[in-house]
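From just these sequences and the hints, can you work out the full model?
Going down the list, the sequences are from chains A and B.
Each residue of the first sequence is one higher than the one before, counting from 36 in the numbering used here.
Each residue of the second sequence is one higher than the one before, counting from 168 in the numbering used here.
Please keep in mind that the hints were generated in silico from the structure rather than gathered at the bench.
Everything numeric in this text was worked out from a predicted model, so none of it was measured.
Note that the Cβ used here is the ideal one computed from N, Cα and C, for glycine as well.
Mixed in with the good hints there might be a few duds.
Chain B regions said to be covered by chain A (calculated; three or more residues, Cβ under 8 Å) [to be verified]: (1) 401-414; (2) 439-448; (3) 499-507.
Straight-line distance between alpha carbons at most 27 Å, and here's what the computed BS3-like set of lysine-lysine pairs gives [what the hints assert, rightly or not]: (4) B/Lys319 / B/Lys354; (5) B/Lys350 / A/Lys194; (6) A/Lys92 / B/Lys398.
Next come the chains, spelled out residue by residue.
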Amino acid sequence: MTKNIMIVGVGGQGTLLTSRILGGLALEGGYDVKLSEVHGMAQRGGSVVTFVRYGDKVAEPIVEEGWADVIIAFERLEALRYAHYLKKNGALIVNDWRIDPMPVVIGAAKYPENILDTLRENYKVYTVNATEEAKKLGNSRVFNMIVLGIAAQHMDFDKETWYAVIEKTVPPKTIDINKKAFETGYQL
Amino acid sequence: MAEKMIMLGNAAIARGAYEAGVKVSSAYPGTPSTEISENLVQYKEDLYCEWAPNEKVAVEAAIGASISGVRAMACMKHVGLNVASDPLYTVSYMGVNGGLVLVVADDPGLYSSQNEQDTRMIARAAGVPVLEPSDSAEAKEFMKTAFELSEKFDRPFILRTTTRLAHSQGLVELNEREQVPDKLYEKNIAKNVMMPGYAKLRHIEIEKRNNELSEAANTLSINKVEMNDTKIGVITSGIPYEYVKEALPDASVLKLGMVNPLPKELIKDFASKVEKLYIVEELEPVIEEQVKSWGIMAVGKEIFTIQGEYSANMIRKAILGEDVACNAPAQVPGRPPILCPGCPHRSVYHVLNKLKFHAAGDIGCYTLGAVAPLSVVDSCICMGSSISSLHGMEKAKGKDYIKNWVAVIGDSTFLHTGINSLMNMVYNHATGTVMILDNSTTAMTGHQDHAATGKTLQGEDTNAIDIPNLCRAIGVKNVVEVNAFDIERLEKVIKEETAKDEVSVIITKSPCVLLDKSKKPVYIAHEDKCKKCGMCMKPGCPAMTKNEDGTIRIDDTMCTGCGLCESLCKFNAIELVKAGDR
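Here is the structure:
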């Protein structure tokens, strides 16, 4: 069975680092793995999505509508944008954080209200204000590792494997804080 | 066992080039091809790689290396091949000495491009063979195959990729670099000097070679038949092959590794063994039209679009009529790409917007000046076109017509092809104003060096072209340099220069904010002093948010401390609280 994971967020939020960790996990687990991500112009503050697929044999590198086992969303609006990619009973992990897109900033559109409640009507939703939690740990940039810690509860790798891959992937000076952030999410 | 790694398609192409024994590579950055050169540089002990000012130069450099007898390559995005099409069409006549491969990346779905053209059409027009891999592992292997076939059949080859392949990662097994001896250089003007008498004969020769290749394609291992249930047969290639495998696991598939020329006999044989034949190819019906011209019944663009990317869901729906169960997408505001917080382009566009100016735009991050709230850029065609299109406008409507117009172009784009257009302005008595938004890098593709940055792709120090003096050397009398964030001076200079009846170049020199690692200044907004006038919000900085009561908040995780908002606030509601190093 192929496992389908998506990481969605806003350009600059560190989706690429997160996908590198997921790719490393799949490789460690002896799976075939494919990842797909957006580069270039869309990276500039735009909506970004990264796909990770692993299993015995993976053909296409993208996760399509109705296929995702887990969606990791670094921002609420992006969670709402991509939620329909989830399969029935898929898990939606949402960083309870808001970044206004330009149409909202200039008043041409409204940021939807009660996004989390809307999502809960149709999906299994797990939320955290990871950005605030990360600040408590002393580094707001490790918020994505907290979200990943929650996602880990819905994936089948043991914690030691996660730690091993995190150690291999993040800059050496930041290993401790990243592991601490992951643990925070893992315990939530 | 060979080492296995997760590799980006583009990294795998670079690895393939290394393993194939490539000695020279030249390229101009362009999404989605840029990472090939960025990965190639790790092998610089064994090969030479460079950024060229444009794709034509890159391809010509690769041709020169091939003539001298080494394996050589050039990399570009699809529209880059247009720039390089002049050498392409003629090197097709010449053939190669050392193997020659052009890697060309198409962009179905237009993730980062101005059009959705199909490189296979150009390759067919030029008579150049094309290989198309389906994943990272194949990308690496096909590079090696391309060089072998290039030398065997005396043809330059194109390795065609698409955004999805270039920017996907998959498992790749690493092999050793092949030790490929240099080919002997022998003077051969009948092959290498393309004047009419010789070119006429070469045209006959390449026709012969292409026919031989077409024949050989029937038995090439990269053209692969996967016989399964024969009710449905699919001819496909590249990334759509993966979608087909996902959507129709039981179907029979002819997977083409070489998409030009096509293996006619193999296709005929496959078609005769299946009940219903489909052709699944993104973009143009290149395979389909040829197959149908041979009298073979097949279904293709009748049920598939020529726009955008394909997917397994889409193929399943088109062929089997099956939908995937999922909820309808939510109606949500879009999140289009925007200029980064602290981007110097925002400041320039703010001033142009205030002056109610129009801009002929160009290719780069600054194309984003077209959209609200900046809304300055009126046109964007291709690399270098801002300057020449402003010139054409003046020649059509007269010099007064363009008094509230400028051309805007980045430093890298100016050196790519903008410089030719500036020569034309000076030569033909134009009076327009060109703004070179110089952020000292090729920003949009991810910060590559160019001929004016003082660094090479291989990380060596080098001469940095002095852009102001270059403009003066062309004959531009009015060359003014301004800091992009000095909005008062910028406004004054724009007014002065556009009023002149001579060509002017205004260079706004401020480095790309993403490259500036120095300590940022910190600004805060005082809600009690804020008069809710909205001035600071006008440039559309993503780090600024309006509170419920209309006052302003600065997001300190996004703010880079450029100070543009402070310079726009008349009520001192935005204050510098901590000086930085900028």
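Checked hints:
Counting residues of the region 401-414 of chain B whose beta carbon lies closer than 8 Å to any beta carbon of chain A gives 5, which meets the minimum of three for the stated coverage. With a threshold of 8 Å between beta carbons, the proposed coverage of the region 439-448 of chain B by chain A is violated, since 0 of its residues qualify and at least three are required. For the region 499-507 of chain B, the stated coverage by chain A holds: 9 residues have a C-beta nearer than 8 Å to a C-beta of that chain, and at least 3 were required. Pair hint B/Lys319 plus B/Lys354 holds up; C-alpha atoms about 20 Å apart against a cutoff of 27 Å.
Restraint check for B/Lys350 and A/Lys194: not satisfied, since their Cα atoms lie roughly 55 Å apart, outside the 27 Å limit. Proximity of A/Lys92 to B/Lys398 is assessed by CA-CA distance (about 24 Å); at most 27 Å being required, the pair is judged to hold.
Going through the hint list in order, the structure does not satisfy hints 2 and 5.
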